[in-house]
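Residue numbers (the numbering used here), protein chains in the order written: chain A, 1 to 281; chain B, 282 to 531; chain C, 532 to 804.
For the record, the hints were derived by calculation from the structure and aren't laboratory data.
The model shown is predicted, which means the values in this text are computed figures rather than measured ones.
Using N, Cα and C, we set each Cβ at its ideal position, and we do this for glycine too.
You can trust all of the hints, since none of them are fake.
Restricting the straight-line Cα-Cα distance to at most 27 Å, the calculated cross-link-like pairs of lysine-lysine (DSS-like) are:
{"hint": "1", "chain 1": "C", "residue 1": "Lys801", "chain 2": "A", "residue 2": "Lys23"}
{"hint": "2", "chain 1": "C", "residue 1": "Lys572", "chain 2": "A", "residue 2": "Lys81"}
{"hint": "3", "chain 1": "A", "residue 1": "Lys277", "chain 2": "C", "residue 2": "Lys553"}
{"hint": "4", "chain 1": "C", "residue 1": "Lys551", "chain 2": "A", "residue 2": "Lys277"}
{"hint": "5", "chain 1": "A", "residue 1": "Lys208", "chain 2": "C", "residue 2": "Lys553"}
{"hint": "6", "chain 1": "A", "residue 1": "Lys208", "chain 2": "C", "residue 2": "Lys551"}
Derived contacts from chain C toward chain A, CB cut-off under 7 Å, selection only:
{"hint": "7", "residue": "Ser570"}
{"hint": "8", "residue": "Ser593"}
{"hint": "9", "residue": "Met617"}
{"hint": "10", "residue": "Val665"}
{"hint": "11", "residue": "Ala674"}
{"hint": "12", "residue": "Ala679"}
{"hint": "13", "residue": "Phe680"}
{"hint": "14", "residue": "Arg749"}
{"hint": "15", "residue": "Ile753"}
{"hint": "16", "residue": "Leu786"}
Short derived list, chain C residues pointing at chain B, Cβ under 7 Å:
{"hint": "17", "residue": "Arg708"}
{"hint": "18", "residue": "Pro709"}
{"hint": "19", "residue": "Glu711"}
{"hint": "20", "residue": "Ala712"}
{"hint": "21", "residue": "Ala715"}
{"hint": "22", "residue": "Val716"}
{"hint": "23", "residue": "Gly717"}
{"hint": "24", "residue": "Gly718"}
{"hint": "25", "residue": "Phe721"}
{"hint": "26", "residue": "Gln722"}
{"hint": "27", "residue": "Phe726"}
{"hint": "28", "residue": "Pro730"}
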Amino acid sequence: MIVVKQDAMPSKTVSRKTWSRFKYPQSLIRFSIYLFILVFIGYSIAYMNIPLDRFLTMFGRLGKMIATRYYPPDISYALDKDYLRYVLETIQMAYLGALFGVLLSIPISVCASFNVTPNRKFVYPIGRFIIMFCRSIHEMIWAILFVIIIGFGMLPGVLALTMFCIGFAGKLFAEEVEAIKMGQIEAIRATGANFFQVILYGVFPQVKVMWTGIAIYTWDSAFRAATVLGYFGAGGMGWYLKQTIEQLDTLRVSAILLSIITLVIISEILSAWARNKIAKK
Amino acid sequence: MATLEVINLRVRYQRSGPEILKGVNFSLEPNDFLAVIGPSGAGKSTLIRCINRLVEPTSGEVLLNGINVTRLGQRELRKARRSMGMIFQEFNLVERMSVMDNVLSGRLGYTGTFRSLLRMYRKSEIQKALEILDKVGLSDFVDKRVDQLSGGQRQRVGIARAVIQDPKLLLVDEPTSSLDPKIARDIMGMIKKMSTEASIPAICNIHDVQLALEFSNRIIGLQDGHKKFDGPAASVNRNVLEEIYAFEVL
Amino acid sequence: MNQDTLQKNQVDAIILTRRKAKEIRYCFYTLLFLLVIWSIKITIIDDTDWDRIGNIGSIFRSMARFFPPDLSLIKYLFKPTVETFMMAFLGTIIAVILSLPVVWLGARNITPGSSMTYGIGRLIMTLSRSIHEVVWALLFVSAVGLGAFPGIMAVAMRSIGFISKVTAEAVEDIDPRPLEAIRAVGGSQFQVILFGIVPQILPVFIGNTIFQWDINIRRSAIMGLVGAGGLGLMLQRQLLMYNYGGVTTVVIAVLVLIGLGEVFSYYIRKAII
Chain A
1 MIVVKQDAMP
11 SKTVSRKTWS
21 RFKYPQSLIR
31 FSIYLFILVF
41 IGYSIAYMNI
51 PLDRFLTMFG
61 RLGKMIATRY
71 YPPDISYALD
81 KDYLRYVLET
91 IQMAYLGALF
101 GVLLSIPISV
111 CASFNVTPNR
121 KFVYPIGRFI
131 IMFCRSIHEM
141 IWAILFVIII
151 GFGMLPGVLA
161 LTMFCIGFAG
171 KLFAEEVEAI
181 KMGQIEAIRA
191 TGANFFQVIL
201 YGVFPQVKVM
211 WTGIAIYTWD
221 SAFRAATVLG
231 YFGAGGMGWY
241 LKQTIEQLDT
251 LRVSAILLSI
261 ITLVIISEIL
271 SAWARNKIAK
281 K
Chain B
282 MATLEVINLR
292 VRYQRSGPEI
302 LKGVNFSLEP
312 NDFLAVIGPS
322 GAGKSTLIRC
332 INRLVEPTSG
342 EVLLNGINVT
352 RLGQRELRKA
362 RRSMGMIFQE
372 FNLVERMSVM
382 DNVLSGRLGY
392 TGTFRSLLRM
402 YRKSEIQKAL
412 EILDKVGLSD
422 FVDKRVDQLS
432 GGQRQRVGIA
442 RAVIQDPKLL
452 LVDEPTSSLD
462 PKIARDIMGM
472 IKKMSTEASI
482 PAICNIHDVQ
492 LALEFSNRII
502 GLQDGHKKFD
512 GPAASVNRNV
522 LEEIYAFEVL
Chain C
532 MNQDTLQKNQ
542 VDAIILTRRK
552 AKEIRYCFYT
562 LLFLLVIWSI
572 KITIIDDTDW
582 DRIGNIGSIF
592 RSMARFFPPD
602 LSLIKYLFKP
612 TVETFMMAFL
622 GTIIAVILSL
632 PVVWLGARNI
642 TPGSSMTYGI
652 GRLIMTLSRS
662 IHEVVWALLF
672 VSAVGLGAFP
682 GIMAVAMRSI
692 GFISKVTAEA
702 VEDIDPRPLE
712 AIRAVGGSQF
722 QVILFGIVPQ
732 ILPVFIGNTI
742 FQWDINIRRS
752 AIMGLVGAGG
762 LGLMLQRQLL
772 MYNYGGVTTV
782 VIAVLVLIGL
792 GEVFSYYIRK
802 AII
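Using the sequences plus the hints, can you model the full thing?
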């Protein structure tokens, strides 16, 4: 015997007569923001005298310029022994800067993490401030500052990269630490361990994998910066870039740029591969 | 004329893969509520999806009110699809949009590109949405984001979205599998109510035989891509079920 | 051979492999350490002009040249600061607009031409991220001359890679079920993208855009060092005049601007997401 049941859903809801997508005041606020953004864009373009007509022709000019003046690149220049030595030094500079930066970031980021910082009133803000400070100043500015203090060469480059990496890795490290499960930390604290033991046995095991990936990413970014640091005198192949640009040696410039791009792409592939391997483990 | 005619439908997902549907034939009359039952892997879900060509049939024909859906080009297919309202097992709603926007998205087949960019639906459509939401009991949730609703409420949004299309046919794919048994019964009731009130025939894929027999007037039994039974729900007895499910029906 | 001897042999074997692994690891670390020492020697020790540095005292004296900051510059800093802010803003917006086709190409599930277009999309993303903003700036300055415009384009080019990469990855991870529903309703391809894909990736897209806008402020600040506008021009001028107090002032201005940017982006993030 089949019984067809009627719908037994009691409808206590009130039936509405109209509906509008625009709710006051949220929609008004949203539209004002959009309008403001558009107006600001227009104002900015006028303020900076941006030649809008040039905008469309720009890519054409860029293409033509590259084709005539930057091609064919003077590859022999880029394969020159002295240049290659500088390339090697750039890699070493990046490597050292990233190493020191990452090592220094470890304690700084622990202090800058709200959940495990030893002192929330003083140490935490100081840690945060150091990281923000290092991040805010562009690596090129760091390079220039160190060049002024120390002179030309690799050392200011390594120091500049260290500062950059503290900011870069520090922020990412701290984010990871703040995302850990506090249960493990509580357990270790409960055993009576001191601060360092808590960090060593509670925090590090949880963040180890992510931190390794971040460290590789940091090295990659440091390398990209290292290739250009020499432009401002801080050592590395960037110096050659400055020379050739100043001498209007455009074919050599393109050779150097090509070598920079190639190296960065290689390092990107390497770091992506390394990060994949770490992620799979 | 039958609303839906399925003629010798065959489906194979890959050229070398097994045939999921092996020549299914049936037709659907304008006042039918047809339930498709059968064991898992019988091809029930595939069958429903072939009707609006979410899955492309390998051979065979599907006729909707005389129009051969299987032969349609892209534009005509979209037109045909908007006359078929579909209700999904996992609701398939746009999570971050509101209930109202999800229901109105049922009218996208009737909305031009520009209007859909600005989400400018017609006033009549908005009115209809409000009426349907009232019928499914969601008037209080009109502007709520869908991911804040319960399973039963989400399926009601799915039902509303299918109904607002003014469809000629309802395609229902396991509407209750993701729901609690009590809610499942309510939802089936609601679908049946919408179907009878607006005189829309429905073809519904269900694995719960009890519900199928309760709400439908016709049953099709599918087993391993073959149609094993096609008849009124009243005539489904233990032998029929045993044949479809090929084991002792408890 | 009884059970105990068998077990002991197994344990011994494990200890042996562990020790071997340990030894390999130590060798590796020592090698790494030696590499570091060698690198330090080559880059820092050999390359640095130790005579010029002198002693620690002269280093501190060098640092002292940066203080006190030259406050007379402040009134000249407003225009460049606003310009830098606008450069970051416009650069990010241009990057957002130009990222859209790159996302379309570089996402496996919506790319139009299978692996070829996907490869092009990914290549554009990699190029954009690999080329340093200074290099982009140099390119654009030689193409369109000095000023803020090349700086904006350089910043934009640099950001395209990040925004499009993260968004493309989000597109590849979407839930396909709403797309099925929009198709079933009779929606066109455009509507499937608009109602199926866009709502799902919007938080990621906007979040990362704001993130890049933040970073672009610091990038815009140095564009002037190669002639591309903003506070960097001021910085360069102070450097050329050896006015280190002025350098400090400009750096402070950059810090203030970035601070404001952080505050802004915090509130915008709360409002939109």
